[in-house]
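6 protein chains.
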Amino acid sequence: MKILLVNPNATASMTDKIAASARRVVGPGVEIVARTGEGSPASIEGHHDEAMSVPTLLRHVRAGEEQGVAGVVVACFDDPGIGACRELATGPVIGIAEAAMKAATMLATSFSVVTTLPRSVPVIEELARRYGVDHQCRKVRSASIPVLALEEEDSGAREKVRDEILRAIREDNCEAIVLGCAGMADLTDWLSRETGVPVIDGVTVAVKFVEGLAGIGLGTSKICAYAQPNQK
Amino acid sequence: MKILLVNPNATASMTDKIAASARRVVGPGVEIVARTGEGSPASIEGHHDEAMSVPTLLRHVRAGEEQGVAGVVVACFDDPGIGACRELATGPVIGIAEAAMKAATMLATSFSVVTTLPRSVPVIEELARRYGVDHQCRKVRSASIPVLALEEEDSGAREKVRDEILRAIREDNCEAIVLGCAGMADLTDWLSRETGVPVIDGVTVAVKFVEGLAGIGLGTSKICAYAQPNQK
Amino acid sequence: MKILLVNPNATASMTDKIAASARRVVGPGVEIVARTGEGSPASIEGHHDEAMSVPTLLRHVRAGEEQGVAGVVVACFDDPGIGACRELATGPVIGIAEAAMKAATMLATSFSVVTTLPRSVPVIEELARRYGVDHQCRKVRSASIPVLALEEEDSGAREKVRDEILRAIREDNCEAIVLGCAGMADLTDWLSRETGVPVIDGVTVAVKFVEGLAGIGLGTSKICAYAQPNQK
Amino acid sequence: MKILLVNPNATASMTDKIAASARRVVGPGVEIVARTGEGSPASIEGHHDEAMSVPTLLRHVRAGEEQGVAGVVVACFDDPGIGACRELATGPVIGIAEAAMKAATMLATSFSVVTTLPRSVPVIEELARRYGVDHQCRKVRSASIPVLALEEEDSGAREKVRDEILRAIREDNCEAIVLGCAGMADLTDWLSRETGVPVIDGVTVAVKFVEGLAGIGLGTSKICAYAQPNQK
Amino acid sequence: MKILLVNPNATASMTDKIAASARRVVGPGVEIVARTGEGSPASIEGHHDEAMSVPTLLRHVRAGEEQGVAGVVVACFDDPGIGACRELATGPVIGIAEAAMKAATMLATSFSVVTTLPRSVPVIEELARRYGVDHQCRKVRSASIPVLALEEEDSGAREKVRDEILRAIREDNCEAIVLGCAGMADLTDWLSRETGVPVIDGVTVAVKFVEGLAGIGLGTSKICAYAQPNQK
Amino acid sequence: MKILLVNPNATASMTDKIAASARRVVGPGVEIVARTGEGSPASIEGHHDEAMSVPTLLRHVRAGEEQGVAGVVVACFDDPGIGACRELATGPVIGIAEAAMKAATMLATSFSVVTTLPRSVPVIEELARRYGVDHQCRKVRSASIPVLALEEEDSGAREKVRDEILRAIREDNCEAIVLGCAGMADLTDWLSRETGVPVIDGVTVAVKFVEGLAGIGLGTSKICAYAQPNQK
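These protein sequences, in sequence, are chains B, P, G, Y, W and X.
The opening position of the first sequence corresponds to residue 52 in our numbering, with each subsequent residue numbered one higher.
The opening position of the second sequence corresponds to residue 52 in our numbering, with each subsequent residue numbered one higher.
The opening position of the third sequence corresponds to residue 52 in our numbering, with each subsequent residue numbered one higher.
The opening position of the fourth sequence corresponds to residue 52 in our numbering, with each subsequent residue numbered one higher.
The opening position of the fifth sequence corresponds to residue 52 in our numbering, with each subsequent residue numbered one higher.
The opening position of the sixth sequence corresponds to residue 52 in our numbering, with each subsequent residue numbered one higher.
Don't read these hints as lab results, they were simulated from the structure.
Do not take every clue at face value.
Identical copies go unnamed one by one, so any copy, or any two together, can satisfy a pair.
Taking lysine-lysine and the DSS-like style, the derived pairs with C-alpha atoms no more than 25 angstroms apart in a straight line are [as the list claims (entries may be wrong)]:
(1) K53 / K190
(2) K283 / K211
(3) K53 / K283
(4) K273 / K190
(5) K283 / K190
(6) K283 / K273
(7) K53 / K211
(8) K53 / K273
In this text the structure is predicted, and so the values were computed from the model without any measurement.
Could you put the whole structure together from the sequences, leaning on the hints where they help?
Encoded structure:
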């Protein structure tokens, strides 16, 4: 089984990091086909970046379908272009925000999200509401770091994320933490150990959900909203 | 005052029709700058078409800003790319679905939407929920016509829209009708007369809301979510 | 086009101030017919005052209809008697809370309201929920000033409002401010400059919304809830 | 213990009927002080009638306080002026819609409401949402009868109410019926027998809730929203 | 009229305390049949304890039915097994959380809950949402005391509850307090006096609601969800 | 990795069927430990049966923990005792309703549920609301068959389920079907072929979700609500 894993931004090092996380968790016989959003913004910070990343993302999904991938993971916490990807795909398509937030509700009665920049906070709050988990999402917090700082060894970004998680535990009365950026995938284990709470990374969860759903033969419904795009 | 009116799809005849509707209602001294989504899908039918239309839409918004437009109307009932447009714009940016549905709640306790294809129904239902008017939206209905049938004189499309409105009145217990496609803008008066209910077209409402808000000096907040896109 | 602007309380100086704000923003040929709630409470502070102001408000609406007004603005942030006014009116009827809060959601992802007295906070919170914008309303705050202090030059009221706005910006993570009292209409520009955030006054927004909707021929639906009162 | 029972409309025969229902259910030592909305509309059919009935209702509440009533029941299913009454009262104030709908949720997982005229349907739907029981309210139905037809022996009104209840049972999948008009109070037993479902009349429920809450020493909170009206 | 009052936990001293509270408020001729959850956990602290207490609770309800009780009060603030009890009962069955929270919304625009242990907070938050009062519940707070500390004279528990109420008043902007544990029933009057806010104890409210509803002939609907358990 | 799969009812043939479904889909090295609710009701039809099945369910979970299971699936569509199980477990605990309904929202914009008896409909509606998917759940339908009819070859039960699915497709405008009973697990493939829509069985989905979450090291949060039961 091949699973297409698209990092919608243009930063290949982030794709590598995400793909490595994914490969560590998939079952035997599952191949991760990792793609980068070449020509898209270097990071997805807000609605504009998100919108500009979707055409390339869709190109990768179309190509993946031709290769016969079993499902798709969109590895950006804004869940860009999910509906459009679902129209193109036959297998399941899952964004990492949806995966992580719904997983959190299976493991805890409430969670907080820690993301990168303040401008992503309202975007994620709206996703929480769209996915029907807003009553379980205590707070969406930002560590006030640009996405790409997560790629730099000495930026202090990981410590800022850890400190924001510790603040969430103290102030939010939350039972789990959702990491609000694909670029934090490699920090998950360290953050769990440092903070003592379940830390949920959407990349690995989404990959396992796609693997699981595709494995039992479930794919995207083609009946109405997610039917193939109309020919004109 | 210039108002940028973008038809996100590639069909110029639809732009002309929409622009004519808009020009009929603006106040003295207001100029409608109408733009078409060249290279975008010929009609927006679902998430994929919507996503593919946004880059050109954003190009028009950026150009409009350079020309000093006072605000922007996005004339497609899926409200594509609104958040991204708001990041680029200084004046108000309003999509026709948000305008029409919020106007409906100022004029009636409930409304139904009549759109073109069934696949747009879930898209519009989600918009109604996002805008907080789902408890006042009785039903989203489709007249089962492709968007472009509205451009053909003899397609029978307008009669189908009228018949669906009459069904909504009979079955939904609604007090107003929202037209669920920019391409219906020229039918508004005829449909009102034929059906006897208030029929709300988002294009004219959105244009007047932008004109009104810009006229009193209000623009898009630049504080957090809708700040200019970050430079990387 | 005549627009009826009713200040539901008995304080004529407030009516003058509100009418002046309205007249500054209307288009050419639009006449503001301003009315005061003679015999009603001097200010609307809570449910009781609100209820007692409605009969005179309705008398003004009935008189306005006879004069052929195109629409009605109710200039009190509790939105008193809106449903009853809509039954009497043919044109649009908009309260300033509904106008300001819905406008805020077109310009920002979230807002806070700053009103006068603490007792108005739950009233406004319920309005936000009724209008479906509670998920975008960060907090309703009071500046702890009586409404009529806004009419006194040296009461320090305007400074208290400004300080509460600054607190909202610091603490609420909001992107815009809605002024929660008609009596603050004249402070809008000053508060915007002092605080650096978009400050939304419902009086001017409501007037432009009524002007816009009436201008394109839309009025209150007469089909069910807002039909003329039944004769007995 | 005295309980003030106000029929907000001007029809004394309806007050008598309601008071008789109330007196049948109160405990020993409880006196029902029944009042009519003299000068108010003869029936409350919509927002306008409701608004016009409140000043007299408030006068009765003020007088009741002077007489030392232990609590207040407002016997109109639109729950007019409840917030204003609560500001004036020290004991509990309960409207019959709130009482009946909340009681229904203690006895069944869902209910439908049967009211008089179609124009009251959206009013009651909004009350259900305000009271947080909209997810348990299957449907608000009207029997298409004017309120005062309930006062006429030969109007066929009671049969129409019964038939609408039977339709609700067949079509709504509801487990209980709430009577949506105070004027139906005397039909409760007959309707229960005729239809075989629990039929809930708000008058008796509200009276028992007021009696119960006042009996254990609970009254309206005077802390913020329901404090006595401000002196100016 | 007999009312069955079940304390679902195994602590008989708590049953005695609760029964005493109930007996003080019932009308003449009402007998409180008090039962303890023998063999169940000594206190209900979380989902596990709650689940383990239900079989004995149901046995008491079944026995009560045989004795002809008119209704049932379940005296634990987690409202354990309410649906199951309703299937067995003919009269009304009310849990103390539902009773107290719904009563609070009849007396105030908002309330906070003060419970015992932090682990009960999410349980009560979910109840508030299920009962549709989450928009009126400012905060669920814990006094950080085990349930059984309320049974010990010198545990300092009552002072901790009082202090938490005072914190709620200062920080939550709430207008009433709901006591989040049956074991606090005897503190109600003292807490009211000490804090100056309406303090609502679910035991007495639930008893009066059951007495009132049963008194007017209302019982649990037997139509669908709450029909007697199916024989297999 | 061992996954504990508990059928909460007492019908061993149903356990076998469910376990067979589960074993078909798990990855290499995953062992399904299947348990039956000995002494519990033969089928779970309503709140009473559900409550009576939980103590044995919890005993199996406790035993599973001692055996070191990696996670737990509760195979009854009422999701009985999930919170209590989560307190006892270290790994993930997922009920089949939560799994199936959340999976449905990853594959379609809307779904309908087809369950067995009408009395389960309100139970499932409440679960949908608790899980935040009520806005995507078009309708919960019953095929009007007792649960155990699914165990009898000639009961016609499977045809009734199929017919109800076909009705859902025609009438509900849904894009996927969720099977509302664990006993339908073996019908999934046949129902998909017969109806042409994605048919989602919670047993297999829940097993894969538990396998996936446990596989990446995620378990139930032990911080607050789901901490181990308190010792007294």
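Going down the list of hints, with the structure as the test:
1. K53 / K190: neither (35 angstroms within a copy, 35 angstroms between copies)
2. K283 / K211: between (50 angstroms within a copy, 20 angstroms between copies)
3. K53 / K283: neither (31 angstroms within a copy, 33 angstroms between copies)
4. K273 / K190: between (35 angstroms within a copy, 19 angstroms between copies)
5. K283 / K190: neither (44 angstroms within a copy, 27 angstroms between copies)
6. K283 / K273: within (18 angstroms within a copy, 38 angstroms between copies)
7. K53 / K211: neither (35 angstroms within a copy, 37 angstroms between copies)
8. K53 / K273: Answer is within; shortest intra-copy Cα gap is 21 angstroms, inter-copy 35 angstroms.
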